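Q: Residue 519 in this note's numbering sits at position 52 of the sequence shown, and the numbers go up by one each step.
Bear in mind the hints are in silico, worked out from the structure with no lab data behind them. Since we're looking at a predicted model, the values are computed, not measured. By construction, the Cβ of each residue, glycine as well, lies at the ideal position given by its N, Cα and C atoms. Check before you lean on any hint, since a few could be wrong.
Computed beta-carbon distance windows for the label pairs [what the hints assert, rightly or not]:
no., residue 1, residue 2, range
1, 501, 605, 45 to 53 Å
2, 496, 517, 21 to 29 Å
3, 666, 689, 26 to 34 Å
4, 641, 494, 22 to 30 Å
5, 506, 637, 24 to 32 Å
6, 584, 722, 42 to 50 Å
Below, computed lysine-lysine pairings styled on BS3-like, alpha-carbon distance capped at 27 Å [unchecked claim]:
no., residue 1, residue 2
7, 639, 675
8, 699, 578
9, 640, 542
10, 578, 640
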Amino acid sequence: MKNIHILLLAASAILLDACSPKIQPPYAATNKVYHTQTDSLVDVITREQPAMLVDSAGGTIPSEWVGTVNFNLRKPNYVIIHYTAQDSVKQTLTTFTLVKPQVSAHYVVSKDGKVYHMLNDYLRAWHAGISKWGSITDMNSCSIGIEIDNNGHEPFNDVQVKSLLALLAQLKKAYNIPQANFIGHQDIAPLRKPDPGPLFPWKLLAPKGFGFWREELLELPPDNFDYATALKLIGYDISNLPVAIVAFKRHFVQTDETPVMTQLDLNILYNVYRKY
């Protein structure tokens, strides 16, 4: 009799489980799309076909596929730091899992310190947009984008900065990213973007090898110091010089965002540009 009761209970449990609605993980649908798209990329990179070439007269140029044995994946060489300018990490994750906004990032760091990895580091995220740094005009193709959950008007809290530092350390080690190549969205797109803004703790990051910061004691620049050339040598696009000045000051001055260079700004710029 006891065995019958056990069998009935087991059968009831199975029946209830079968009838209960299955709870899907919150991002199951978008993860499925991600897998579909990465599968299609795998299909592209495994194609083995010769270049189809024609000359100026329309004649076919002979070509043949011969696979080399010396290759690997292209690696990122820059890290671009952003703030989300949104109200919550949930809102940002939703934005990055919708097709319409056409924006994404490799990582999102929430206020509670949790790090969301949204794209394989070797794949190209859409975070930099129209931008330029030095001679590079396609920053998306050579960088990792990190979004920090911050509305742009509040300090970055200690918990998320701790997580950010751990993430940056991992990326620097994994890809041998130079110290100079940890920069902000404001640096590469000063006409469009103000992030991560003057509240971002670049001073804290620099001693750990992530970006540069000015020294405490500043040397006066020489009389012939050309600040526009110095900005350009750092990497700023000076085609709109006042905008470049604002971007520099958001990063390295952080107490003033006016588009003019004071003596203090010149001292800071002279100190910083000599590190590059």
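Q: Are the hints correct? Go through all of them and say.
A: Structure-based check of each hint:
A hinted range of 45 to 53 Å for the beta carbons of residue 501 and residue 605 is inconsistent with their spacing of about 23 Å. In this structure the hint that residue 496 and residue 517 lie 21 to 29 Å apart at CB is violated, the actual value being about 39 Å. Checked against the hint of 26 to 34 Å, the pair residue 666 and residue 689 passes, with Cβ atoms roughly 33 Å apart. Against the hinted window of 22 to 30 Å, the Cβ-Cβ separation of residue 641 and residue 494 comes to about 25 Å, which satisfies the hint.
A hinted range of 24 to 32 Å for the beta carbons of residue 506 and residue 637 is consistent with their spacing of about 27 Å. The hinted range of 42 to 50 Å is not satisfied by residue 584 and residue 722, whose Cβ atoms lie roughly 35 Å apart. Pair hint residue 639 plus residue 675 holds up; C-alpha atoms about 11 Å apart against a cutoff of 27 Å. Between residue 699 and residue 578, the direct Cα distance comes to roughly 34 Å. Violation of the 27 Å bound is thereby established for this hinted pair.
For the hint pairing residue 640 with residue 542, the CA-to-CA distance comes to about 12 Å; that is within 27 Å, so the pair holds. For the hint linking residue 578 to residue 640, the alpha-carbon distance of about 24 Å falls within 27 Å, and the restraint holds.
The earlier numbered hints that this structure contradicts are 1, 2, 6 and 8.
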